[in-house]
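**Student:** Assemble the whole structure, with the sequences as input and the hints as a guide.
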Amino acid sequence: MTEVTPIKMPSLEGKRLSFALAEDRLAHYPEFRDFFVRTFDLDRKGLSEPGFVHAPSGGAYALIFIGRSGAPFPSGLEIYAVVDALEPIDGDLLDRDLWSVLRWMIGGVGAPWTVQDLDRTGRLYRVPAASSP
Amino acid sequence: MSIQSDSVLPATLRDRWPYAPRYANVNGWRMHYVDEGEGDPVVLLHGNPTWGFLYRDMIAPLVGGGRRVIVPDMIGFGLSEKPTREQAHCLDGHTANLTALMRQLDLTRITLVCHDWGGPTGLSFAMSNPARVRALTIMSTWAWPRPPAEFHTRIFPWRMMHAPLIGPYLLGNHRALAGRGVYLSVVDRERFADTAQAAYETVLPDPATRLLTWVWPRWIPLDENARAFERFKWLEQELSSSKLPALIIWGREDEVFDAATFASRFKRLLPHAEGPHLVTGRHFLQEDSAPEIARLIGSFLDRLDANGAKQ
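First to last, the sequence lines map onto chains L and S. By the numbering used here, the letter at position 73 of the first sequence is numbered 73, and the numbering carries on one by one without gaps. By the numbering used here, the letter at position 26 of the second sequence is numbered 26, and the numbering carries on one by one without gaps.
Derived from the structure by calculation, the hints contain no laboratory data. You may find that some hints are simply not true.
With a cut-off of at most 25 angstroms between alpha-carbon atoms, the simulated SDA-like pairs for lysine to any residue come out as follows [unchecked claim]:
1) L:LYS15 <-> L:GLY59
2) L:LYS15 <-> L:PRO88
3) S:LYS267 <-> S:LEU244
4) S:LYS243 <-> S:PRO271
5) S:LYS233 <-> L:ALA27
6) S:LYS243 <-> S:ASN129
7) S:LYS233 <-> S:VAL187
8) L:LYS15 <-> L:ILE64
9) S:LYS233 <-> L:HIS28
10) S:LYS233 <-> L:PRO30
11) S:LYS233 <-> L:TYR29
12) S:LYS243 <-> S:ARG68
**Tutor:** As structure tokens, then:
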């Protein structure tokens, strides 16, 4: 499985942002919030722009960070697939990409969180992407 | 802000859940419950990710034993309204939802049957409304602030399963808890898959309807900074001085809330309690031993009646 990598904002002309996944409580385990702050320089950039990543399928994903009064920024995160504006998404491909994003995130969060434990959890619950080569 | 889930069950399930749906407005949410029989009320409380269906084989015998049986679906589960924002859910809010229903029905002499999150919510209701409660039955749950089990401190699989983004993906998109999670937590898995699993999956058809399945795990305190730490501390203290008649029933095969740790701790908290009675069952022991559990509760209440016990 190829890497997920942060990228600059791609051209959004002729594209739409297709909702994929949301997290209301990014700092439930604070190290997860710290990872995104670190990776996307959010202490400096704040709400000024989304983060973008390139996924193994070749597609791009927008990470929209959510602020909430009284909570450290970002408190939440929404992930959107950047897709052709009038085309439906490929659900299986989206699912595999999301799994890759989660693996990338866990790798970045670091110990005691491990990609191996994420993969084991995915296999326990029979997530198709977790059993893909 | 919410999903109205009063849609009908598939015909294959309606035969096994033939009870008239009733609804109450609790704290602005639409709560589904069933209310069968006459007599002193027995309130059957489920947890995550189940609903009243968990008690389907206990309702008739309890009603037949002269009890009024009330089975609410927690807001966010079953046929109750399902808020789509995590902020709609908190432990005290769910206790207040139950309290609202109990007061609207003006129930007294209640026997609360508590399982999983039906424990912290039901027992909090009991400790804050003792005049309405006659007795407690406690099954596979906890009521103290430290992590309920070593299992809950582990990253694989527990903390990973509900971690940020992973919870919404695994438990939301992939229905990990309402599907395979329950399946793994019963003894007779083949029978469960054939006769019951669809009932838990059907009422949580879409990722957004499964929100509470990953929100509840995040309310389990792992340290003293956790949101519910003080509430659980209070609950343990209140229980330790409670004289309510109590019955403890546990699944013999329960590996997560294992009887040696959990049932024994409840026995220390409530030394006057009957039990623990061990029955065939993992965490969702009602799936394997409903008739036996109903018999244990029925005979417990019969003894209270015979002794003229009244809280």
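**Student:** Give a verdict on every hint.
**Tutor:** Hints and how they fare:
1. L:LYS15 <-> L:GLY59: The given pair, whose Cα atoms are some 12 angstroms apart, holds under the 25 angstroms limit.
2. L:LYS15 <-> L:PRO88: Holds. LYS15 of chain L to PRO88 of chain L sits at ~11 angstroms (cutoff 25 angstroms).
3. S:LYS267 <-> S:LEU244: Judged against 25 angstroms, a Cα distance of about 13 angstroms means the pair holds.
4. S:LYS243 <-> S:PRO271: The given pair, whose Cα atoms are some 9 angstroms apart, holds under the 25 angstroms limit.
5. S:LYS233 <-> L:ALA27: holds, 24 angstroms
6. S:LYS243 <-> S:ASN129: This hinted pair holds, its Cα atoms lying about 14 angstroms apart.
7. S:LYS233 <-> S:VAL187: violated, 32 angstroms
8. L:LYS15 <-> L:ILE64: Satisfied, since the Cα-Cα distance of roughly 16 angstroms is no more than 25 angstroms.
9. S:LYS233 <-> L:HIS28: holds, 21 angstroms
10. S:LYS233 <-> L:PRO30: OK: LYS233 of chain S and PRO30 of chain L at ~24 angstroms, within 25 angstroms.
11. S:LYS233 <-> L:TYR29: holds, 22 angstroms
12. S:LYS243 <-> S:ARG68: holds, 23 angstroms
Consistency note: the structure conflicts with earlier hint 7 alone.
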